[in-house]
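With the hints as your guide, set chain B onto chain A.
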Amino acid sequence: MSEELGYWRSRVFSTDHKVIAKQYLSLGLFWALMGGATAYLIRWQIAHPDTEAPGWGFIAPDFYNMLVTMHGTIMVFFVAMPILLAAFGNFLIPLMIGAKDMAFPRLNMLSFWVFFLASVVLMASFFVPGGAAAAGWTGYPPLSAKMEYTGVGWGMNLWLLALALEFASFLLGGVNFLTTAMNMRAPGLTWFRLPVIVWMQLTAAVIFMLSVGPLIAGAVMLLMDRLIGTTFFLPEGGGEPLLWQHLFWFFGHPEVYVILLPGLGIVVDVISVFSRKPVFAYRPIIYSTIVAGFMSFIVWAHHQFISGIDPRLAMPFSITTIIISVPFAFVIFSIIATLWRASITFSAAMLFALGSLGVFIFGGLTGIFNGSAPVDIYIHDTYFVVAHFHYTLFSVVFFGSFAGLYFWFPKMFGRMMNEALGKIHFWLTFIFFNAVFIPMHLVGLRGMMRRIANPMQYEFLKPLEPLNMFITLSAILLLVSQVVFVINFFMSLARGKAAERNPWQANTLEWTTDSPPPHGNFAAVPSVYRGPYEYSSPESAEDWLPQDRPLTASRTAVR
Amino acid sequence: MNANTATMTDSGIPPGKTGTWWFLASEIPVFGGLIASYIVVRLGSAGWGEASSHLNFTLALINTFLLLTSSMTVVMAHAASQENNYRSVANFLGLTVLLGLGFLGVKAVEYTTEIAHGFTPAAGIFWSFYYGMTGLHGLHVLAGIIVNIVLWIGALKGSLARHGHRVELAGLYWHFVDIVWLFLFPLLYLA
Chain A
189 MSEELGYWRS RVFSTDHKVI AKQYLSLGLF WALMGGATAY LIRWQIAHPD TEAPGWGFIA
249 PDFYNMLVTM HGTIMVFFVA MPILLAAFGN FLIPLMIGAK DMAFPRLNML SFWVFFLASV
309 VLMASFFVPG GAAAAGWTGY PPLSAKMEYT GVGWGMNLWL LALALEFASF LLGGVNFLTT
369 AMNMRAPGLT WFRLPVIVWM QLTAAVIFML SVGPLIAGAV MLLMDRLIGT TFFLPEGGGE
429 PLLWQHLFWF FGHPEVYVIL LPGLGIVVDV ISVFSRKPVF AYRPIIYSTI VAGFMSFIVW
489 AHHQFISGID PRLAMPFSIT TIIISVPFAF VIFSIIATLW RASITFSAAM LFALGSLGVF
549 IFGGLTGIFN GSAPVDIYIH DTYFVVAHFH YTLFSVVFFG SFAGLYFWFP KMFGRMMNEA
609 LGKIHFWLTF IFFNAVFIPM HLVGLRGMMR RIANPMQYEF LKPLEPLNMF ITLSAILLLV
669 SQVVFVINFF MSLARGKAAE RNPWQANTLE WTTDSPPPHG NFAAVPSVYR GPYEYSSPES
729 AEDWLPQDRP LTASRTAVR
Chain B
-18 MNANTATMTD SGIPPGKTGT WWFLASEIPV FGGLIASYIV VRLGSAGWGE ASSHLNFTLA
42 LINTFLLLTS SMTVVMAHAA SQENNYRSVA NFLGLTVLLG LGFLGVKAVE YTTEIAHGFT
102 PAAGIFWSFY YGMTGLHGLH VLAGIIVNIV LWIGALKGSL ARHGHRVELA GLYWHFVDIV
162 WLFLFPLLYL A
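Chains as they are written, first to last, in our numbering: chain A, 189 to 747; chain B, -18 to 172.
Treat the hints with care, as some may be off.
Claimed, not checked - Beta-carbon label-pair distances, calculated as ranges:
no.: 1; chain 1: B; residue 1: S(-8); chain 2: A; residue 2: A608; range: 42 to 50 Å
no.: 2; chain 1: B; residue 1: S(-8); chain 2: A; residue 2: F218; range: 34 to 42 Å
no.: 3; chain 1: A; residue 1: W196; chain 2: B; residue 2: L123; range: 26 to 34 Å
no.: 4; chain 1: A; residue 1: P330; chain 2: B; residue 2: G28; range: 16 to 24 Å
no.: 5; chain 1: A; residue 1: I675; chain 2: B; residue 2: L123; range: 48 to 56 Å
no.: 6; chain 1: B; residue 1: L171; chain 2: A; residue 2: F246; range: 53 to 61 Å
no.: 7; chain 1: A; residue 1: P249; chain 2: B; residue 2: V131; range: 45 to 53 Å
no.: 8; chain 1: B; residue 1: S(-8); chain 2: A; residue 2: I524; range: 29 to 37 Å
Said to hold, decoys possible - Keeping only pairs whose Cα atoms sit at most 30 Å apart, straight-line, the calculated DSBU-like set for lysine-lysine is:
no.: 9; chain 1: A; residue 1: K685; chain 2: A; residue 2: K210
no.: 10; chain 1: A; residue 1: K685; chain 2: A; residue 2: K611
no.: 11; chain 1: A; residue 1: K210; chain 2: A; residue 2: K288
no.: 12; chain 1: A; residue 1: K210; chain 2: A; residue 2: K611
no.: 13; chain 1: B; residue 1: K138; chain 2: B; residue 2: K(-2)
no.: 14; chain 1: A; residue 1: K334; chain 2: B; residue 2: K88
no.: 15; chain 1: A; residue 1: K288; chain 2: B; residue 2: K(-2)
no.: 16; chain 1: A; residue 1: K210; chain 2: B; residue 2: K(-2)
no.: 17; chain 1: A; residue 1: K288; chain 2: A; residue 2: K685
Stated by the list, open to error - Covered stretches of chain B, as calculated for chain A (at least 3 residues, CB under 8 Å):
no.: 18; stretch: -11 to 0
no.: 19; stretch: 4 to 10
no.: 20; stretch: 13 to 21
no.: 21; stretch: 97 to 106
no.: 22; stretch: 111 to 121
Rather than coming from a laboratory, the hints here were simulated on the basis of the structure. By construction, the Cβ of each residue, glycine as well, lies at the ideal position given by its N, Cα and C atoms.
Next up, chain A with everything else stripped away, as it sits in the complex:
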């Protein structure tokens, strides 16, 4: 099965899901650097308007617009999606279901290279005349529909093209995930013996595939408005600017769950392993996930409460928005119940998982403020909203991914990461993250709007300057803290302790093969006898019981 392949076929144009996962991971981490750099420049400008940013220079208002646009675009579409969905999904799904690869390996390779092309297009958009897109990451028309409004010409067209390519890539990826999981599970691996993260990856793939279509259509329409003179979103030609907002958020809100679910899945799995306890209420978590997936399609207009939608629409969407917190609250309570009376090991992965949980709960609570239309009218488009979505997204995208990386690094690269550095990385990240975003709620409640290049030109915002300077300082420290991770990552890659098969004594199938797994993953197709979370089972002498270990016939566990 593993014929000798040359360098190009085995490392670059590989069809091996593990190599493709690492390619997505590398590209996502590269974009994370870009996202961090834009965050630094944005924060510098807010705290010290119209001064030279160290290491860069003067930030003009139109350049500032470009920064906030690209920061959002990069972090959501080029960091969160490739790392959480594509990298972890590609790496884990075949390994966790006992398959030798994805159902369509060549399609998988194509997905990555289409995403790579999207990255190239987005990168190129920085260098065309007029600069990159500057109409906000949501690209609202009419601002985005006509060149003269932002002064951005091809930057915006390339932005739309990059998004369209990215969507195509993840559609193909979703087809692969779902087909693989439906058709290639190991003998005995029934649906309810799958790890929670596999369920959440699959739900995320379904949500993505069924919600992105209208935005693909919207992107085509916006591109036509810009290039051949149609007027879909231009009121002077009979079009509807609000229509774009519906098309965007019909995808944009489910997209939040597309990102959230894989991160939450990592947290569930990591917490179960380091609690040495079965996940509390495994099946209800799966049901909650599916319910939340359905509900994610009927909450989108809560992004538009003050956009001029019919006020009679606001209340139904407010209600669905509050209701969708129920299935998620259920998952969160189940995680907390898993921790209850557990013998917890505070490894770096576990710290990040717990950090993700805590930060996400905080973000969920402020979500209730934003979700209720009357409150949202006051805080909409302020930094309160910015703080809210960083609490929800940073928790899964960064805390969640770091938990996953510290946990699966040994399986991915065959070496252990440095635990001490990992813990330092966690505490620095956790402290400075909160130092950035807790004060940001206050700034927002005092009325500071999003996307203004210079808050100091408003009299009522001048007293906020010290707070903004504190936030910026914390943000810079948060960025610098990530150097610890970069050092740890590359040092461990080069010189880390060689990893054994199952360093964390976990149950799922990926830990039953070599670290890193060979091409084809498993020497023989594993047989599965039980669910993934049989920790501290009385049926086993150790405190773990791998999914593929048969017990004597009379005592075979049922689940």
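This is chain B only, laid out in the frame that chain A set:
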């Protein structure tokens, strides 16, 4: 869920078909979003019937006939592939490609006459939707033609026999494109 057997646990549907159906499931919202946009904007503005009367209904009817016929030929190609008669597969695929090209040719005639009469994409909101919807559909027809040409070449060279199921998968997609047209035709030409 046939637990503890020697083979992989699967859905009973071959991977190719599973993947194609998921792909089509993700394509439906693309046109669904476009059609929903059409409905919303149409309800909120006037003059659509007048604009629509400038379209060439006869040509569109011919096109509907071409596309429906091509759905039949693609089914016949599939039936032939199940009988391992790849000569016949090649003939029916070739016919499908010709009918698809005929559809695009008629569409090109329509576009040129409309633009010549001043009904460009910039002529009003109806024309935005007309060019947007038929344009995106036309690209899907083109993609289907390319897929069918690739299979047709395979059928002629004999290499398709090993991947006979691909005729059916391409046929599923081709039917989808056909069905989309059955929505676009009344929405735009009978408006």
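Structure-based check of each hint:
1. For S(-8)/B and A608/A, the hinted distance range of 42 to 50 Å is satisfied, since their beta carbons lie about 46 Å from each other.
2. The given range of 34 to 42 Å is respected by S(-8)/B and F218/A, whose C-beta atoms sit roughly 37 Å from each other.
3. For the pair W196/A and L123/B, the beta carbons lie near 32 Å from each other, so the given range of 26 to 34 Å is met.
4. A C-beta distance of roughly 21 Å is found between P330/A and G28/B, which places it inside the suggested range of 16 to 24 Å.
5. Our hint of 48 to 56 Å for I675/A and L123/B holds, since their Cβ atoms are close to 51 Å apart.
6. Restraint check, L171/B to F246/A: a C-beta distance of roughly 59 Å satisfies the suggested window 53 to 61 Å.
7. Taking the beta carbon of each, P249/A and V131/B are about 51 Å apart, inside 45 to 53 Å as hinted.
8. Against the hinted window of 29 to 37 Å, the Cβ-Cβ separation of S(-8)/B and I524/A comes to about 35 Å, which satisfies the hint.
9. Annotation: proposed proximity of K685/A to K210/A holds, straight-line Cα distance about 20 Å (limit 30 Å).
10. Simply put, K685/A and K611/A have alpha-carbon atoms about 17 Å apart, close enough for the 30 Å limit, and the pair holds.
11. Taken as a hint, the K210/A and K288/A pair is honoured in the structure, with Cα atoms around 17 Å apart against an allowance of 30 Å.
12. A hinted pair counts as satisfied when its Cα atoms are at most 30 Å apart, and K210/A with K611/A qualifies at roughly 23 Å.
13. A C-alpha spacing of about 24 Å is found between K138/B and K(-2)/B, which places the hinted pair at or below 30 Å, so the restraint holds.
14. Only pairs whose Cα atoms come within 30 Å are accepted, and K334/A paired with K88/B is accepted, the gap being roughly 29 Å.
15. At most 30 Å may separate the alpha-carbon atoms for a hinted pair to count; K288/A and K(-2)/B meet this at roughly 20 Å.
16. As the CA atoms of K210/A and K(-2)/B are separated by approximately 28 Å, the hinted pair is consistent with the 30 Å bound.
17. Pair hint K288/A plus K685/A holds up; C-alpha atoms about 27 Å apart against a cutoff of 30 Å.
18. Residues of the stretch -11 to 0 of chain B with a Cβ under 8 Å from some Cβ of chain A number 9, which satisfies the need for three, so the listed coverage holds.
19. For the stretch 4 to 10 of chain B, the stated coverage by chain A holds: 6 residues have a C-beta nearer than 8 Å to a C-beta of that chain, and at least 3 were required.
20. Taking a C-beta to C-beta cut-off of 8 Å, the stretch 13 to 21 of chain B contributes 6 residues in contact with chain A, enough for the three needed, and the coverage statement holds.
21. For the stretch 97 to 106 of chain B, the proposed coverage by chain A is satisfied: 5 residues have a C-beta within less than 8 Å of a C-beta in that chain, meeting the threshold of three.
22. Chain A is given as covering the stretch 111 to 121 of chain B, and this holds because 4 residues of the stretch bring a CB closer than 8 Å to a CB of that chain, at least three being needed.
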